[in-house]
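Residue numbers (this note's numbering), protein chains in the order written: chain B, 1 to 324; chain W, 1 to 324; chain G, 1 to 324; chain R, 1 to 324.
Honestly, the hints are just simulated from the structure, not real lab data.
By construction, the Cβ of each residue, glycine as well, lies at the ideal position given by its N, Cα and C atoms.
One or more of the hints may lead you astray.
What the hints assert, rightly or not - With the C-beta cut set under 10 Å, the calculated list includes, among others, these residues of chain R facing chain W:
1) ARG226
2) ILE243
3) ALA246
4) PRO247
5) LYS249
6) THR288
7) ALA297
8) TRP298
9) GLY299
10) PRO301
11) THR302
Number of protein chains: 4
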Amino acid sequence: MTGARGDLAHIAHVELLTPKPQESLEFFRDVMGMAVVERAGQSVFLRGSNEYQHSSLKLTEARAPGLGHMAVRATSAAALDRCVARVERAGLGDGWVDGDAGHGPAYRFQDPDGHVMELLWEVERFVPEPGERPLLKNQPARVSRQGAAVKRIDHVNLLARDVHGCRTFAGDALGYRLYERIVADDDSETGAWLSLSIAAHELIYVQDATPAHGRLHHVAWWVDTREEVMRAADVFLDYGVPIEFAPSKHTISQGFFLYVFEPGGNRVEVTSGGYFVYDPEHEPTTWTPAERARGQAWGVPTVESFHYYGTPPYEGAPDASGRA
Amino acid sequence: MTGARGDLAHIAHVELLTPKPQESLEFFRDVMGMAVVERAGQSVFLRGSNEYQHSSLKLTEARAPGLGHMAVRATSAAALDRCVARVERAGLGDGWVDGDAGHGPAYRFQDPDGHVMELLWEVERFVPEPGERPLLKNQPARVSRQGAAVKRIDHVNLLARDVHGCRTFAGDALGYRLYERIVADDDSETGAWLSLSIAAHELIYVQDATPAHGRLHHVAWWVDTREEVMRAADVFLDYGVPIEFAPSKHTISQGFFLYVFEPGGNRVEVTSGGYFVYDPEHEPTTWTPAERARGQAWGVPTVESFHYYGTPPYEGAPDASGRA
Amino acid sequence: MTGARGDLAHIAHVELLTPKPQESLEFFRDVMGMAVVERAGQSVFLRGSNEYQHSSLKLTEARAPGLGHMAVRATSAAALDRCVARVERAGLGDGWVDGDAGHGPAYRFQDPDGHVMELLWEVERFVPEPGERPLLKNQPARVSRQGAAVKRIDHVNLLARDVHGCRTFAGDALGYRLYERIVADDDSETGAWLSLSIAAHELIYVQDATPAHGRLHHVAWWVDTREEVMRAADVFLDYGVPIEFAPSKHTISQGFFLYVFEPGGNRVEVTSGGYFVYDPEHEPTTWTPAERARGQAWGVPTVESFHYYGTPPYEGAPDASGRA
Amino acid sequence: MTGARGDLAHIAHVELLTPKPQESLEFFRDVMGMAVVERAGQSVFLRGSNEYQHSSLKLTEARAPGLGHMAVRATSAAALDRCVARVERAGLGDGWVDGDAGHGPAYRFQDPDGHVMELLWEVERFVPEPGERPLLKNQPARVSRQGAAVKRIDHVNLLARDVHGCRTFAGDALGYRLYERIVADDDSETGAWLSLSIAAHELIYVQDATPAHGRLHHVAWWVDTREEVMRAADVFLDYGVPIEFAPSKHTISQGFFLYVFEPGGNRVEVTSGGYFVYDPEHEPTTWTPAERARGQAWGVPTVESFHYYGTPPYEGAPDASGRA
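Bound conformation, chain B alone (with noise of 0.2 Å):
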């Protein structure tokens, strides 16, 4: 067991990058039903109905989608002081920055392969206005009417050029939980899911196929059952969002996924289900390609743009439909 575990508790935020900010806004207000919490600049803040945080997406304007940056929040003041030393051990840190709007003082770094993260402690939380609290008092907000109706932020999937250089900081410096990986047959590694928590996975790295570094993959919001996944992709049928991968239920994580394309070309999952790991001597389980040959859990092949398209996308890669 690492020294690090137990150091950081969760995904705070996201911060996703759009070129066409109105329509991604739109996206996430009324087609995934998250609520707008503020604006700030160039930035909208939202969330899903369940977090009990100010917001956990940041979406703001830039010339190309992608990653601003991911959050995580520590589980005590002393534990984030302790992950930022390890942090900087390890030569990655930027330094600390005033706080946003939600959240108090963070420290920036950036992963092996140039992702921008914060490590955070404070943070602000949702209070719903007095006419508008939730019926069970057990939850920080109404249920969203609208949309997809999400509930939280679940996972974040990076492209990166040395996934195993990556989850070997993020278990050392950041404590995190390997529970799955892909072994490629030169042995290198292709793909490793790993978790804070008894979730089957929380922090995703994936080969990049392409040269470049800092990508994004996908960020993916979460939904109670996987009928409301289902009903997610009827709505997004309806309303203009391209479905790239249909629900269906990974082999790995063994999650029911979602996957399409918001306006400014992020690829954004809506999620549910997948198995829980109480085991604390949990050995991770390790796929070969012939394994993963034989596609998601029932079957379904994995769809080729899923192998290549991130965000920013790639000049010379094939878009994500497929054209060069």
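Position chains W, G and R against the provided structure of chain B, taking the given hints into account.
Leaving out everything else, chains W, G and R in the frame of chain B:
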């Protein structure tokens, strides 16, 4: 088999009366997720997303809640004429009325308990605007992305003083088949579940515990899955809609139910599931009060208000909350 | 409207031929969760738990897989006679046969493609043993607690050389309504979805890519929810049943599907959902090859074997795995 | 935060006592769908299909029903030692026992109410026979195709005279976090929902209405979807298992529940859903009796027997059916 069988196709729409037209409209539009099609006089017409017709609900301002009328579509012009002739022979006809928004001429009559009904053939089909067409052209409109997102009207439940008389009329004059019934210890019929199709129920008569006539028990709209019924319950909870009877499975019809009161006071159901009757010789299932006393399918006791509350409310009877 | 409409009620049963009778029996009993009702000669009769009849499957040992026959029940004795008269006029009749386990006399004929069919009226109802009665007396038997626990036969899909000829016969002689169809670029009909009820499909004809006649595409059994279809997929995975086409939603019929091969080689579907046709003037939806090319409802590409594999296999055509 | 946090991983198993060992075995095997792993003396060991361990249930013949003991697995050998030291300091320890089928040495103690508990580290992993391996190698065994097909033990609910004392001990000595509680009008704690993970509850203490000690309220096994809970209800209905509390959604934990009595008299739950606690500073939700009076999440009244029935039954208290 009655000679009337096959002359009617399905419930076309209901007119609900409401003393709180604005609140009722907001309920059906924002919480039930129906679309406003047209306004005329003191009425608003709404539709579920999977209805081929113009509308399934005419919501009309009135002093008290209740059923304005319900309309049933014939299977052909000739079948309509046959049906009208039988109703006239029964001495219950009021005569033809010019159509209304969404349909052509209708023959108006009252069932033996005084519920106003219409029979019609000519209907207006819903045609979505060019920019609002569904992706699957075998469905009439885009799915709703709002609230409970109900698909279509499913069934109507009417209170009656003489259940047996009403259901016999519905069978003989209108061609409804009887699938289930409740017979009291004194051999009187206190409930009758009728259908024009293989669906387990489309028209229901249950005993009115008061001396009133022509009252409504509830109108039900359909969603495709039980999970959507439960999601509707979560939405109702948080948006101030009183739940009378929480989601569970009926013994009769085996439908999955959820009963609420719309702001005007009418009981509304969100429903899914239920069995199909393929057997042309199907014998109605008869239930005794003793059998009914074991509650709904999984043993949930039926809420008390279910037995006495209807609209318009009867002076002197308890209201929906059981207060006299 | 055809004069035949209303004379037939529903598919009564199918006879499936299998070269591996023991393995096929174990599949339908232990994995599909059907109950063995009776054995006679080289045949075993099985039923889904929600069928009012004796059985929906006659499983018969044979040299090659395929459809022995399918039987359809009339709505009355008189309707049966009318139907038989129309079939005789069409010159396709083989004549009456004495009944079989579970039903009385049946009129045997072949559709224009040579599929053996029977029409019948007299059937034996399933009566559970005293100790095995269901708690809800409006269902014919206790639910199955085994495997996929299918409820009842839902539809049959037949391969045909002349789809238009077959579906015209089914409409004119048998009273099937046409709800959807595929028309090729040369205006030939390559698929037709037919029904006797409001259910979106009960009998399907699709183009046989080989010169063979009388072949079976698949037989479908129903479960009440999409979740049960997905649970069936998990069961199939772990008990050695090859999944051909993983759970997803069809464009045509909008049914939720899962296709597998039973050990004898016949394609079997577990299905749920789909839309209902209440409109008596419903116009069939016509699909073009271009529209079909976008895959199933959520964009999943149709598996290749779906287009050529049927039973009995055609010499020279690829087998289910695509190997020629 | 308590220094104990992180030392325990999860409930390893429970031992249930039953005066009807054969009937109880048939219930857990044929209706719940668990697999028999081993028999020893008067006990049978069973497991849900998704458990990495040897078993989660030891079913032991006894004069009266109740909890034999429950066992919790530590996160490491060192963590076990720390936990044992804290329990010994609390003066509640009974000492080490040699292991049992499926696990190594265990430290036995009693919680303040007298429930027998064990702490252990060394466990035996379940290894399927070569011919019985699951297709997805990140799951421990093939899915069950029998009955309710439960996946794994989820939580245990214990009756206690001093809820506050017990949950304080569980927090201080064992490291359980408190997520929700009920506080009576006299400020006494009458219910406490505790967890070792992000799952909303794993160990619950509720007020025993009788003067008894060490009684069991219920043990819950998990299925992955609410639909499976409802399917379990259908199975229970038809196979003679008395349903105490039909499927619905809890207010506390927001879990979907279904409570039945196994033949020996112990209350058993089939559960799914519930929320996750990601916030490291999560403040427990406190409920008042007035708030509890509105019933479960969707308003369903809690059944009376839930408040007084436990095992072993208390002489003089009503039995499960409310008869004194």
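Against the structure, the hints come out as follows:
| no. | hint | in the structure |
| --- | --- | --- |
| 1 | ARG226 | 7 Å, holds |
| 2 | ILE243 | 5 Å, holds |
| 3 | ALA246 | 4 Å, holds |
| 4 | PRO247 | 6 Å, holds |
| 5 | LYS249 | 7 Å, holds |
| 6 | THR288 | 18 Å, violated |
| 7 | ALA297 | 7 Å, holds |
| 8 | TRP298 | 4 Å, holds |
| 9 | GLY299 | 5 Å, holds |
| 10 | PRO301 | 8 Å, holds |
| 11 | THR302 | 12 Å, violated |
Hint check: violations occur at hints 6, 11; the rest are consistent with the structure.
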